[in-house]
Structures are given as C-alpha cells and as structure tokens.
Amino acid sequence: MSGLIHLLNNYGLSHEVIIKATFYFIAGLTLLFALFVVLSRNIFHVAVYLAATLVGIACIYLYLDAEFLAVVQVLIYVGAIVTLFIFTIMLTADIDTGSIRGMIRRVSASALVSLALFFILIKVITMTTWKVVLPGNAPISLSELGKSLMLNYALPFEVISLISLAALIGAIVIGKAEKR
Amino acid sequence: MIPQSHFLLLGASLFSIGIFGVLTRRNAIGILMSIELILNAANINLITFDKFSGNPDGLGQIFALFVIAIAAASAVVGLCLVISIYRNSKTILINKINLMKW
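Protein chains in written order, with numbering that gives the first Met the number 0: chain A, 0 to 179; chain B, 0 to 101.
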C-alpha cells in the first residue's frame, strides 16, 4: 500500500490528494450500494448489497480514526446480522417482492418524502457553521476506549448486556414452534 | 483533510435512502434492512461529531458501540417475529398481514 502511494507520489499526486480521492470513491460506492439495497427486486440480492454497504461504511469509519468501530462493524454487522438476514430469507419464501405496477404510486409518494427530507438535511448541514477542527486532536486508542467503557460508562455497558440477554430470551420464546 | 460536512452529507444521504426503503418495501425483511441503513447513518454522524468535537474521552464512539448492540438486538427480535408471522400466515408481505385488522 505504501509502495503504491510512493509510486503515485512520483507522478505528482500528493498523499493528501490520494486520501481524498479514495474517500470520495468509497463514499460514492457506499451510496451506490445503498441505492441497490433499496431498489433491488430480489430480496436475496438486497442482503448481499447490504453487506457491501456495511463494508463501505466500515471503511468510512477508518477515515474517522475509529479503527475499533470498523472492526466491530465488519464482525457484528457483516458477520452476524447479514448472515441472520440471509438465514431468514432462506426460511421464508417470497424471494421476489411483488409486481412493479402496484409499486409506482407508493414509490413516487415515498420518493417525494425522502427527497424532501434529504434537501432539508443538506440545507441544514451547509448552512451551519461547524466548529474548526483542532489540529492536534489525537485519535482515541483502543485501551482508552476500553477504560472509559469499564469506568465512566460501566452502567450503560451493563444495561446493554441485560438488553442482549432479553433479546436472546425473547427471540427463543417468539421463535419456538408451538406444540400442536 | 476531508471537511466535517462531507461526512455529515454522507450520513444524511444514507438516512434518506433508508427512509425511502422503509416506505417502499413490502417485504418485512427488506424493511428491517432499510432500518439497518438508517442506524448506520446515525452511527456515521456520531463518530464524525466525536472526531471533530475535540472531546478527549471518545464518548461518540462508545455511543456508536451501544447503537450497534441495540441494532443487533432489534434485528434478532425482528427477524424472529418475521419467522413467527411466516409460520402462522405463510407470507411476509406486510400488506397481506391483516390478522389484527378488523
């Protein structure tokens, strides 16, 4: 990777330019896959596109100096949740979702709503003056993250474990086949 | 350096795409997947604000971790409900599930 960057440096591309170009490439690819998630007809393809989108978001986390979050994203989302989705798709029928004719009205109405929301959000983001970045702001290391998770935020951490337990038991109770 | 607003714009676009998916899909699993997109957009915003705010203890990243945990729990319970509904009514298209409609 560094050899590639060195090679590109020789062609007059600075480190900064390469980082920016890869960021916008990854962001565009992520948005493209997210659009496929929403627009694809075959629900199994949707699951695969969702996995690709989540990997792209993990790459975005790397640009935000959140390496641990990127690893967790790939492990939990791509490794566990998408697998769970694919299992559920396999257990239920209806791979192909309905006719296109009944979709048109619903699609136009919801496109209107989501585009309106999108333009409001863009307007708000571009109008706000964000605070200037502090230059010497070091990224949070993994050990600091673990320490604050165990010391300052220990109570929410325990509550999360309770929620996970409740979800586990609830899933077993709901998914259990009834005796006939 | 990539400016903060570009990360926020990415989050806003993902959020809008997720809302569109929730409103258009008829398949219950598709709706759950769009909800995952929305939660990820929220996570991008949280981590962006964590990086650019200069807060030293990484509160945004911890919050994003909690959001991921909650999303996993909600996906598990939601998919179990989908399987249970399929077992009872042999469909997961939400416009055909009308057991509790009068």
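Since the hints were derived computationally from the structure, they do not count as laboratory data. All values derive from a computational prediction rather than experimental measurement. Every residue gets a Cβ at the ideal spot worked out from N, C-alpha and C, and that includes glycine. Please note that a few of the clues may not be correct.
What the hints assert, rightly or not - Have a look at the derived ranges for each label pair, beta carbon to beta carbon:
id	chain 1	residue 1	chain 2	residue 2	range
1	B	0	A	90	22 to 30 Å
2	B	96	A	119	27 to 35 Å
3	A	154	B	0	29 to 37 Å
4	B	86	A	18	46 to 54 Å
5	A	103	B	86	29 to 37 Å
6	B	98	A	31	33 to 41 Å
7	A	161	B	90	30 to 38 Å
8	A	21	B	93	36 to 44 Å
9	A	28	B	100	35 to 43 Å
10	B	90	A	30	45 to 53 Å
Claimed, not checked - Cross-link-like lysine to any residue pairs, in silico, SDA-like; alpha carbons within 25 Å at most:
id	chain 1	residue 1	chain 2	residue 2
11	B	100	B	22
12	B	89	A	39
13	A	175	B	1
14	B	95	A	122
15	B	95	A	146
16	B	95	B	80
17	A	19	B	44
18	A	146	B	21
19	A	19	B	80
20	A	122	B	89
21	A	122	B	100
22	B	95	B	69
23	B	95	A	19
Checked hints:
no. : hint                       : verdict
1   : 0(B) - 90(A): 22 to 30 Å   : 47 Å, violated
2   : 96(B) - 119(A): 27 to 35 Å : 32 Å, holds
3   : 154(A) - 0(B): 29 to 37 Å  : 36 Å, holds
4   : 86(B) - 18(A): 46 to 54 Å  : 50 Å, holds
5   : 103(A) - 86(B): 29 to 37 Å : 32 Å, holds
6   : 98(B) - 31(A): 33 to 41 Å  : 38 Å, holds
7   : 161(A) - 90(B): 30 to 38 Å : 34 Å, holds
8   : 21(A) - 93(B): 36 to 44 Å  : 39 Å, holds
9   : 28(A) - 100(B): 35 to 43 Å : 42 Å, holds
10  : 90(B) - 30(A): 45 to 53 Å  : 32 Å, violated
11  : 100(B) - 22(B)             : 20 Å, holds
12  : 89(B) - 39(A)              : 23 Å, holds
13  : 175(A) - 1(B)              : 49 Å, violated
14  : 95(B) - 122(A)             : 38 Å, violated
15  : 95(B) - 146(A)             : 49 Å, violated
16  : 95(B) - 80(B)              : 15 Å, holds
17  : 19(A) - 44(B)              : 19 Å, holds
18  : 146(A) - 21(B)             : 38 Å, violated
19  : 19(A) - 80(B)              : 43 Å, violated
20  : 122(A) - 89(B)             : 45 Å, violated
21  : 122(A) - 100(B)            : 40 Å, violated
22  : 95(B) - 69(B)              : 29 Å, violated
23  : 95(B) - 19(A)              : 47 Å, violated
Of the hints listed earlier, those the structure fails to meet are numbers 1, 10, 13, 14, 15, 18, 19, 20, 21, 22 and 23, in rising order.
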